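Enquirer: Take a look at the letters that make up each chain.
4 protein chains.
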Amino acid sequence: MLKLSRQLLRSSSAAQAWMSTAPANFEPGARIFAPYSIYKGKAALSADPLLPKFTKLETGDYRVERRGVIMLTFWPSIGERKYDWEKRQKFALSATEVGSLINLGPKDSCEFFHDPSMLSSNAGQVRKSLSIKAHADGSGYFVCLSVINNAVNTNDRFVVPVTAAEFAVMRTAFSFALPHIMGWDKTVAKLPFSGDHQGSGSGSGSGMVFRQAQTSEWDR
Amino acid sequence: MLKLSRQLLRSSSAAQAWMSTAPANFEPGARIFAPYSIYKGKAALSADPLLPKFTKLETGDYRVERRGVIMLTFWPSIGERKYDWEKRQKFALSATEVGSLINLGPKDSCEFFHDPSMLSSNAGQVRKSLSIKAHADGSGYFVCLSVINNAVNTNDRFVVPVTAAEFAVMRTAFSFALPHIMGWDKTVAKLPFSGDHQGSGSGSGSGMVFRQAQTSEWDR
Amino acid sequence: MLKLSRQLLRSSSAAQAWMSTAPANFEPGARIFAPYSIYKGKAALSADPLLPKFTKLETGDYRVERRGVIMLTFWPSIGERKYDWEKRQKFALSATEVGSLINLGPKDSCEFFHDPSMLSSNAGQVRKSLSIKAHADGSGYFVCLSVINNAVNTNDRFVVPVTAAEFAVMRTAFSFALPHIMGWDKTVAKLPFSGDHQGSGSGSGSGMVFRQAQTSEWDR
Amino acid sequence: MLKLSRQLLRSSSAAQAWMSTAPANFEPGARIFAPYSIYKGKAALSADPLLPKFTKLETGDYRVERRGVIMLTFWPSIGERKYDWEKRQKFALSATEVGSLINLGPKDSCEFFHDPSMLSSNAGQVRKSLSIKAHADGSGYFVCLSVINNAVNTNDRFVVPVTAAEFAVMRTAFSFALPHIMGWDKTVAKLPFSGDHQGSGSGSGSGMVFRQAQTSEWDR
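Going line by line, the protein sequences match chains A, H, L and V.
Position one of the first sequence corresponds to residue 1 (the UniProt record's numbering), numbered consecutively onward.
Position one of the second sequence corresponds to residue 1 (the UniProt record's numbering), numbered consecutively onward.
Position one of the third sequence corresponds to residue 1 (the UniProt record's numbering), numbered consecutively onward.
Position one of the fourth sequence corresponds to residue 1 (the UniProt record's numbering), numbered consecutively onward.
Chain A extracted, bound-state conformation (with noise of 0.2 angstroms):
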């Protein structure tokens, strides 16, 4: 009996020690906030990726259900660096709009409009519309939301000038986390040995290796 609880004492502590050496030691569900805040004279703005959320299939697959999104925040200016949380604005990017805004050259602008009730017969009551225009120098850009309630009648206006490097900082780190918004780190973290991508098994001449590899276009 001693032998065996001394494999007990061992395994219990391998497994604690996986529990502090684990890439993320966050608990699993908290959520985890570093956004990349920007604050100015005005309004301040900060960007936060949301990852896209699975369901999974009556197969056991899983496909995106929702697609995940960079989600940019407008808080206005109160005073000398003091700024009004409560008073905040949201836009969500999605991935074709991420890729606009990577896309943008130093002279290059874009414009996006959201309304929650696009297609319905509420359709412009309220309307949301994201600009980014370059200054004229090429030295950044002016980003500013638009958030227009007609129902309310209210009509908040941020405008957060943004600087060459800082816009770096955001074309870097949104494509960093496109792929992430879009799922496609689930989708190449699989297995190599999952089986979903099966060979005919056969070998092959290393020269025929590159048309095998396209004949699953051939099929259904």
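Because the hints were derived from the structure by calculation, they are not lab data.
Any given hint could be a false lead.
Pairs involving identical chains hold if they fit within one copy or between any two copies, as the list cannot separate such chains.
Dumping the calculated DSSO-like pairs for lysine-lysine here, alpha-carbon to alpha-carbon at most 30 angstroms [stated by the list, open to error]:
1. Lys40 / Lys133
2. Lys56 / Lys107
3. Lys133 / Lys56
4. Lys107 / Lys40
5. Lys133 / Lys107
Keep in mind it's a predicted model, so treat the numbers as computed, not measured.
Using the hints, position chains H, L and V against chain A.
Expert: Then chains H, L and V, alone, in the frame of chain A:
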């Protein structure tokens, strides 16, 4: 005995905690669908990475047996916001074709040809070609798949206009996926002390590190 | 009882196998030094990423308390291939300063100023400045650190010429490290089912996915 | 006792489930071959990342003892679709040489020289040079390895024409691998609470975070 069973419980709960702390809690073997899909007037286009397949060598090592691809799927529109998935056609981009795509400038074009019977007597009977042609004003690309099957006399053709923003998503996501379809994510995930890249083990002045790092190129 | 102990042994060895299969088998808490170092005639320069520090909130969630940096260290040459580590000076690049550096064109320059007493009555007593100046022919940069301490009347100055190739290593490695010093690697490593980004749970046609993905921007 | 053994079984099966859920289920120590290979008329070229080797310091910390490289291997054609692996020659690209390669414009060229006896009396006896020369029309590069061994009077020369698409694969894959051959993937994989980058622990207003992040540059 009481102490023993407490150890057991602790070991068990630690292991279960792990199950929900791990980087991905999908079941092993489950497939994960996270296509990047573009719905346009006449057809839809989606892109998905497929990982390489490894084979175990007699030495206990592994090599890529079948390279991964980025699978493009096209399917036709059959009415407003309706698409016919049953009529889909696929085109599997190899690593080098992905290299060609992510290297395209805003005015560039490229075209790839695939033939499942290449180098056999049936060569040319069935033929797929994918072309990517820049709009004259640099605002995006036409992505066009043509599938000609002379054996059954069919000719499918799909054209999807892709905006510069959508193409930026593809370029960024494909660049992210490229090392994974090549298998390099596995190569670089090796342990720091796994012993296949051994040095002399002797200490070295910092000025010598650079040369020492290259000595293995002198081995066969 | 025999069957039981066999289970225990199996459990134990499985856990131990894990210990050597894990992505990194460094002891937890151990520091890992992998500086990118450039040795030149008058001084040496090395760069190292330092990760952010997180703090646990009362809600059980986490936020970045202290941002990460890319730490640059300069130390002077004191003879052929000899450098004096004791005389080193450091400069910690913030995320935005890293953005500035990785955004530099082959003819661009930039300069950063740090003052540990900024905004206090001692402001200006000690002052560090880092400048990066392109060579006129685009073949590289001069990276120069100046540390002026008026309190003790010292003035240290380090100049390291960096080739375009070395700068490309810095740009690529800094771009890789940037999301990590921001903490975004932790944000995107969350589990697919951890519940902080919940949708309605109802099914949706594919045409609706895009709008649904953005609904959370309408919440406060 | 029944309850106890059920716990044991559960613990055991959880651990075994893990074995097949882990990010990589290759045996530890196994080598993984996933070269990017280019077969051309007169020779073939393949590229493979080799990771750095770490050494444990007396403090319990680790430092890179031997830097990683991207290993290029050339071997000659000996007939149609036949290549002689026994006649291979290698060239190990250092981090800085990789920086030079990924920084090449479509009209640029570069050349590297390696000598295993550099700085000794045998310097120059054996000499390897790798040159990468752009085609005049920007459509690709000639990659050429020359190995001259004056001791045994041999002179091997390999020329592999690389298309712009193939070079884009190399640039993307080498950029991915660069932080790994430098060891920065290990540096940034540290735990959030491992304690080597401690702040004051006191709360701070958001306006102060930036300065606080840099205080460590003022330490020696």
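Enquirer: Since the copies are identical, ignore which copy is meant and state whether lysine 56 and lysine 107 lie within 30 angstroms (CA to CA) inside a copy, between copies, both or neither.
Expert: Answer is neither; intra-copy 44 angstroms and inter-copy 42 angstroms both fail.
Enquirer: Is it within a copy, between copies, both, or neither that the alpha carbon of lysine 133 lies no farther than 30 angstroms from that of lysine 107?
Expert: Both: 8 angstroms inside a chain and 24 angstroms across chains, each within 30 angstroms.
Enquirer: For lysine 107 and lysine 40, with the copy left unspecified, which applies at a CA distance of at most 30 angstroms: within, between, both, or neither?
Expert: So lysine 107 and lysine 40 pass the 30 angstroms test inside a copy (22 angstroms) and across (29 angstroms) alike.
Enquirer: With identical chains treated as interchangeable, where does the CA-CA distance between lysine 40 and lysine 133 reach 30 angstroms or less: within a copy, between copies, both, or neither?
Expert: Both: 16 angstroms inside a copy, 28 angstroms across copies.
Enquirer: At most 30 angstroms between alpha carbons: which applies to lysine 133 and lysine 56, within, between, both or neither?
Expert: Cα proximity of lysine 133 and lysine 56: none, with 41 angstroms in one copy and 38 angstroms across.
Of the hints listed earlier, those the structure fails to meet are numbers 2, 3, in rising order.
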